[in-house]
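Letter by letter, the chains look like this.
There are 2 protein chains.
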Amino acid sequence: MKPLLYVLAISLVLSTGICPAQTNQPPIEDFKPSELNQPGKQYPQVNSERRVRARIYAPQAQSVLLDIGGVKYPLRKGDDGVWIGESQPQDEGFHYYQLVIDGAQVPDPGTLYFYGAGRWGSGVEVPAHDRAFYELRNVPHGQLRQVFFYSKSTGTNLRCFVYTPPDYETNLSRRYPVLYLQHGGGEDETGWGNQGRVGLIMDNLIAEGKARPFIIVMANSYVPGASFGFASPNQPIPTNTPYSRTIAGPGGRNYNPAAFARMLIEDLIPYIDSHFRTLADQPHRAMAGLSMGGMQTRSITLANLDKFSHIGIFSGGSISTTTSPTWLPSSKRSSWCS
Amino acid sequence: MKPLLYVLAISLVLSTGICPAQTNQPPIEDFKPSELNQPGKQYPQVNSERRVRARIYAPQAQSVLLDIGGVKYPLRKGDDGVWIGESQPQDEGFHYYQLVIDGAQVPDPGTLYFYGAGRWGSGVEVPAHDRAFYELRNVPHGQLRQVFFYSKSTGTNLRCFVYTPPDYETNLSRRYPVLYLQHGGGEDETGWGNQGRVGLIMDNLIAEGKARPFIIVMANSYVPGASFGFASPNQPIPTNTPYSRTIAGPGGRNYNPAAFARMLIEDLIPYIDSHFRTLADQPHRAMAGLSMGGMQTRSITLANLDKFSHIGIFSGGSISTTTSPTWLPSSKRSSWCS
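Protein chains in written order, with the numbering used here: chain A, 43 to 380; chain B, 43 to 380.
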């Protein structure tokens, strides 16, 4: 299944790094609104140096900071009650950030919101030199589908997102390989589809003949489990969860690997294979993930080599021929180690 | 097509009103986290009186207000830098709201975010007596699909959401009626699926045998058009729009009715009929909308009675037998007025 080679490239969207030059020069005044701003909102803006400029009206505030890339930059107050200021140059691509108003950490009301670092917060896009890779173009588009399914192993209704390729709705006799694609720590099942733009990337690759069509399934790693739970008895596992809710966890970085693995193997894969036109066998089933999702991929696929044939680990550890997966049943070890 | 009767009920989610009693009594201390909070977040909370309690850490702030239902309620500061306070009782159901920190209007970092009033902002759920109607239950679920399509009339790629019923993926020979369902002013194509919970409502109605399955299409009324546009030349119509972006407008309340009508008739309906298993004729095509969406429904359907057979107007004007749609071609007038 060659397409996985291209999926590997997807992770570069999140990890591309150009070391920013630190400078005290005034910024070049060619700022433009970030493409991740809410409709009609003019700020934040980004200039050709890749600096981010934030702006907010806070007439009674004593201090406003732009908190991005691990650094808090002070904003300047104008006579009109508007605070404005810039960051040092940032890496290309997507960044989570927030504002700090008199000590209160809040999202910037100018941007769209994305789930990362265990919260829904602001995002800003620093234009990347290779952004055509993930742009919305006039090509045939697949669909990103929100799917609820009942998980017997956790006793709850869970949510995942499923990308189906452009010809899925018009070629009703075709069946497709499936990639299970997991988010990183502190992210959730919305990450690959939103800030990760997985559907747009796939649409573009398919249109260019660089990928064969396949289905991608993105679930939440933070499933309810025995060693896991909500923060207090006041926060029960929700039974009436609306669409945009991340339903499966507290957003923290603790999770129960066994509970997720069991949910994936016992609940999600059977659900997908019975509700989508999949090629439901090991040669056509892949798993990949970023960071924590890569670690999950490593442990789950090596323990289930009868179910997965293709493995993608993005910043989640490595597999070498000297790896000794002693926790792997000996019956499966040979097929992996050979 | 009887299901429209039930769709009418959907709008009650947004409009149910119980006049709150104004009182200066201290609140009853049975607050629980809103079900629209981010995972693990304990605030905002709601008590049995339907009061909303907000809480935020803002150690240097001079003033923090809870802005909900058209009223700004002052929060009280504790020695720990945490501000806390309550609203008067609110109506049952979903509410948009925000915090005001030293004059800065910002989303509450505790909640999920919803698009309304021309912005992505906080939402809080005051439990409704009939909330089983829109709860996530263990019933067969349909899918809510994000769909990009090229709109020739506007020259842009646009986004809509499409609900497909539970048996759509398992009964591949079946074709379905279609409802085009529009949001209200200042909202967008995400509104019915997120805060409107249209998919959960449909899943529940179908499971109870109260609705026959049909497809629902939700587009953005703020399409680019001649008398419409982005707020400044710095904000071009986006060409590389990510998934969660509202791509079709500035979020203001101005829109171009003719541009939307043309896009719907010339671009969207043909796209849906060629990419979904629809019953692509007038007897099986409906349109409905809330408020501004109701006004659009009224004008578009009455001018296109050869395309729509069922009409739902929710707080968007009315149609009576004495209505004289002089702007309607005479050939169509009789079929409507009879």
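To be clear, the hints were calculated from the coordinates, so they are not data collected in a lab. A few of these clues could be false.
The list makes no distinction among identical chains, and a pair is therefore deemed to hold if it is satisfied within one copy or across any two copies.
What the hints assert, rightly or not - Once the Cα atoms are required to be at most 30 Å apart in a straight line, the calculated DSBU-like pairs of lysine-lysine come out as: (1) LYS114 - LYS252; (2) LYS119 - LYS349; (3) LYS74 - LYS194; (4) LYS252 - LYS194; (5) LYS252 - LYS74; (6) LYS349 - LYS194; (7) LYS349 - LYS252; (8) LYS194 - LYS119; (9) LYS74 - LYS119; (10) LYS349 - LYS114.
In this text the structure is predicted, and so the values were computed from the model without any measurement.
Verification of the hints:
no. : hint            : in the structure
1   : LYS114 - LYS252 : neither (41 Å within a copy, 55 Å between copies)
2   : LYS119 - LYS349 : neither (59 Å within a copy, 56 Å between copies)
3   : LYS74 - LYS194  : between (49 Å within a copy, 27 Å between copies)
4   : LYS252 - LYS194 : between (38 Å within a copy, 27 Å between copies)
5   : LYS252 - LYS74  : neither (32 Å within a copy, 51 Å between copies)
6   : LYS349 - LYS194 : within (20 Å within a copy, 44 Å between copies)
7   : LYS349 - LYS252 : within (26 Å within a copy, 40 Å between copies)
8   : LYS194 - LYS119 : neither (55 Å within a copy, 45 Å between copies)
9   : LYS74 - LYS119  : within (21 Å within a copy, 38 Å between copies)
10  : LYS349 - LYS114 : neither (46 Å within a copy, 56 Å between copies)
Hint check: violations occur at hints 1, 2, 5, 8 and 10; the rest are consistent with the structure.
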